[in-house]
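S.K.: Sequence:
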Amino acid sequence: MKIAYVRWMDATQEEAAAPDTPVVPCLTELHEVGFYLGETDDVVSLGLEHMGDDNEAGRWRLHIPKSQIKEIHVKDLGKAFPLRKVTKKEAKK
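At position 58 of the sequence shown the residue is numbered 58 (the numbering used here), and the sequence of numbers has no breaks.
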């Protein structure tokens, strides 16, 4: 199993209620961490898990366009988070 960190750019939205407010086009930088599900020529797919406000778990697939990716790191889960044994003293805390 692999995990991925992706830094990417996406569109923004803003309220347009004030007609005299200047339009300043911009993108926002996003950071995602999730299970690496794979990729195609066009997208990288991540699996995400989320606990909602109603305490219901949800699973999501996020498909990030490669054209928007600024940085990506894919690691084997075991190498990213090496297993460490907990001592009895640590477990009592």
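Honestly, I wouldn't trust all of these hints.
Simulated pairs of lysine-lysine, DSBU-like, Cα-Cα distance not exceeding 35 Å [as the list claims (entries may be wrong)]:
#1 Lys2 - Lys88
#2 Lys2 - Lys75
#3 Lys85 - Lys2
#4 Lys75 - Lys89
#5 Lys89 - Lys70
#6 Lys75 - Lys93
#7 Lys75 - Lys88
#8 Lys66 - Lys79
#9 Lys92 - Lys75
Derived by calculation from the structure, the hints in this document are not laboratory data.
S.K.: For every hint, state whether the structure bears it out.
M.R.: Status of each hint after checking the structure:
| no. | hint | result |
| --- | --- | --- |
| 1 | Lys2 - Lys88 | holds (30 Å) |
| 2 | Lys2 - Lys75 | holds (5 Å) |
| 3 | Lys85 - Lys2 | holds (22 Å) |
| 4 | Lys75 - Lys89 | holds (31 Å) |
| 5 | Lys89 - Lys70 | violated (44 Å) |
| 6 | Lys75 - Lys93 | holds (31 Å) |
| 7 | Lys75 - Lys88 | holds (30 Å) |
| 8 | Lys66 - Lys79 | holds (25 Å) |
| 9 | Lys92 - Lys75 | holds (32 Å) |
In this structure, only the earlier hint numbered 5 is contradicted, and the remaining ones agree with it.
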